[in-house]
Amino acid sequence: MSKVFYDHLVGIENITALVDQDMADLIDNTMHHHILDEILTHLPVEHHKTFLERLAHAPHDPGILIFIQEVTVIDIEKAIKNRAKSVKKELLRDIKSSRKK
Amino acid sequence: MAGFNKKLLKNKLTQQYFLAHQRFIRRHPHAHVFLKDRGVPPEKLREKAKRLLSTGALTGALLLAAPQLVHNTRGNIAVLSPYELSQELKEKLSALLPLTVEKLSSDQENTLSELFRAIFGIDARAQLDGNRLNHSYGYIGAEQHLPRYPGDTIYQHDAIQQAGITPGRGAWGYFVPSKNQLTDDLVQKEKYYVAVQTMYLPDWNTRMPQLRDWYKYRKVLVVNPRSGKAIVAVVADAGPAKFTGKQFGGSPEVMDYLESKDGSQKGAVVLFFVNDPDNNVPLGPLEYNVERGGAPLANAL
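Sequences listed follow chains A and B, in order.
Read in numbering that gives the first Met the number 0, the first sequence has 4 at position 5, and its numbers run on one by one without any break.
Read in numbering that gives the first Met the number 0, the second sequence has 42 at position 43, and its numbers run on one by one without any break.
FYI, nobody ran anything at the bench for these hints, they're computed from the structure.
By construction, the Cβ of each residue, glycine as well, lies at the ideal position given by its N, Cα and C atoms.
Only pairs whose alpha carbons sit at most 30 Å apart, straight line, appear in this in silico DSSO-like list of lysine-lysine:
1) K77(A) to K87(A)
2) K99(A) to K6(B)
3) K215(B) to K241(B)
4) K48(A) to K35(B)
Incomplete in silico selection of chain B near chain A, CB under 7 Å:
5) L7
6) L12
7) A19
8) V39
9) L44
10) K47
Make a model of the complete structure from these sequences and hints.
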C-alpha cells in the first residue's frame, strides 16, 4: 500500500487486516478525514493553503509533517496519534459488535 | 472474516465513513472545496501517492507545483452528498405528504416505502408482520435519556447530558440488570431510541404478551420531512400520552440529529418499521444507501 505522510503515526494495519478489502478502504478513508480534521484544527489558518497545496501535490511527502510541526504550537504528532487511537477504538467496537452471536 | 455479519459490519463502517466525511465538510469547507477542485479529496490521497511513486514522478512532483488532473473513477454517476440528499428527500416528501399532519392512506405509505428503498436501500414499511401503529406520520417530541441499568445516571451517558434522564425505567424495563452486563449494542439502542404509543393499539390488551415482545427494540426509520434527515432507531419506550398531541417520542440523539423540534418542542415525522431480519442496518443517522454500501445516487431518485 502506498504511503501518506502521516501513515506511520496512524497504524491501521492491525484493523484493516481483520476485514475484507472494500471494508479496509472504508476504514482508510474514514481515517484520512479524521486526521485531516485534526491537522486543520490545530494548524493556524494562514498556513492552511500551503498545507493543502503540498498535500494535494504529493501526499507522501515527509516534508509536510516537518512543515506542520514547525507552524503549530502543540505537539502535532501526539495529536495525530491520539486522534487515530480514538478512531481505531471506535472502529474496533464496530467490528466486535458485528460478530455473529 | 468468519464469524462476522459482514453486511452489518460494512454498513457500520460506511456509516463511520460518512459521519467523518460530513464532519470534515462542516468543519473545514474551504479544505473540502480546495482538495475536491484539485481532484484529490481525502479518499484519493493514497491513490495519488501511488500514482506519483509508480510513475517515477516523485522527484518532479516534489519540485514542481503543477496540479494534476484526476479523472472521476465513478464515471458519469452523480453521487449525492449528505446535504444534497437531505435536500432531495425534503423536496420529494413535500410533494408526497399531506399539508397537515394526518393519517396516511395505504397508497401514500406504499409510495413512501418505495422512495425510502430507492434512496436508502432499506425495506421500511408502515405495516410489518401484520403489525402497525395507529400513526405512521405524526408529531414527535423530545424524550430524556433512559436508565440502562439500576443506578445509571446522566453522567454515564456520553452525549447530550443536558437532556437529563427519566426518573423511572422505560416501558421494557432496564436494558440490563447491572452495569457490567451493558454491551455496545445496548448503548447504541438507548442512544437511538423512540417511544411509540403501543398502549393505544386496538389489540394491545388482547395480544399484549406477543406485541410486547414484537415491539421491544423493533427497528424503525424516522424521517423528518422538514429537514430531510433520516435516522434508524429502535422502540424502547411507550408513549407519549394522547393529551400531549404527539404520537412519538425521540431520544436526545434522535431529536438532535433530526432537527425535529419547532417552538412547541415537537415536529412532524414519518415513522416506519424496518424489515431487517438479518440485522444488516446499523442504528444511527442514515446518509447512505445500505444496499449499495455507498452514497445514494442521483439517478436512483
